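Numbering of the sequence shown is given in the working numbering, commencing with residue 187 and proceeding in unit increments.
No lab work stands behind these hints, which were simulated from the structure alone. Warning: the hint list may mix true and false statements.
What the hints assert, rightly or not - Under the rule of at most 25 Å between Cα atoms (straight-line distance), these lysine to any residue pairs were calculated in the SDA-like manner:
1. LYS211 / ASP245
2. LYS219 / ASP229
3. LYS202 / LYS267
4. LYS195 / ASN216
5. LYS246 / ALA268
6. LYS191 / THR223
7. LYS211 / SER266
8. LYS219 / ALA209
9. LYS195 / MET257
Stated by the list, open to error - The calculated label-pair distances, taken between Cβ atoms and stated as ranges, are:
10. ILE272 / SER242: 19 to 25 Å
11. HIS190 / THR239: 23 to 29 Å
12. LYS267 / LEU201: 23 to 29 Å
13. SER200 / ARG256: 35 to 41 Å
14. LYS228 / HIS197: 24 to 30 Å
15. SER263 / VAL235: 30 to 36 Å
Quick caveat, the model's predicted, so the values are computed rather than measured. Where is the CB? At the ideal position from N, CA and C, for every residue including glycine.
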Amino acid sequence: MANHKSAIKRHRQSLKRATRNRAMKTRVRNTVKAVRTAILQKDKDQAQVLLGTANSVLDKAAGKGVIHWRMAARSISRLSKAVAEIA
């Protein structure tokens with residue numbers, strides 16, 4: 187453990203951020219999984235509703251720096267394409 191006040195504060199901040207990042211990544215994975223499940227079940231209405239939620243969660247995670255913005259854009263694009271292809 188660090189001895190300097192600033193290093194102790196830094197450690198405390200890093201733990202707090204790591205916890206928040208882990209929670210955000212889990213939320214991203216769960217929302218994407220929900221959209222993919224709806225796509226597999228060919229439920230277009232449910233998939234579109236979940237896609238809106240997933241877009242919001244992905245954009246928020248990218249804005250906070252939890253995931254890279256290009257990864258978020260790629261995920262949104264692929265999910266949108268998959269939802270559009272449901273007959």
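How the hints compare with the structure:
no., hint, in the structure
1, LYS211 / ASP245, "holds (12 Å)"
2, LYS219 / ASP229, "holds (14 Å)"
3, LYS202 / LYS267, "violated (36 Å)"
4, LYS195 / ASN216, "violated (32 Å)"
5, LYS246 / ALA268, "holds (21 Å)"
6, LYS191 / THR223, "violated (48 Å)"
7, LYS211 / SER266, "holds (20 Å)"
8, LYS219 / ALA209, "holds (15 Å)"
9, LYS195 / MET257, "violated (31 Å)"
10, ILE272 / SER242: 19 to 25 Å, "holds (21 Å)"
11, HIS190 / THR239: 23 to 29 Å, "violated (43 Å)"
12, LYS267 / LEU201: 23 to 29 Å, "violated (38 Å)"
13, SER200 / ARG256: 35 to 41 Å, "violated (25 Å)"
14, LYS228 / HIS197: 24 to 30 Å, "violated (49 Å)"
15, SER263 / VAL235: 30 to 36 Å, "violated (18 Å)"
When held up to the earlier numbered hints, the structure conflicts with 3, 4, 6, 9, 11, 12, 13, 14 and 15 and fits the remainder.
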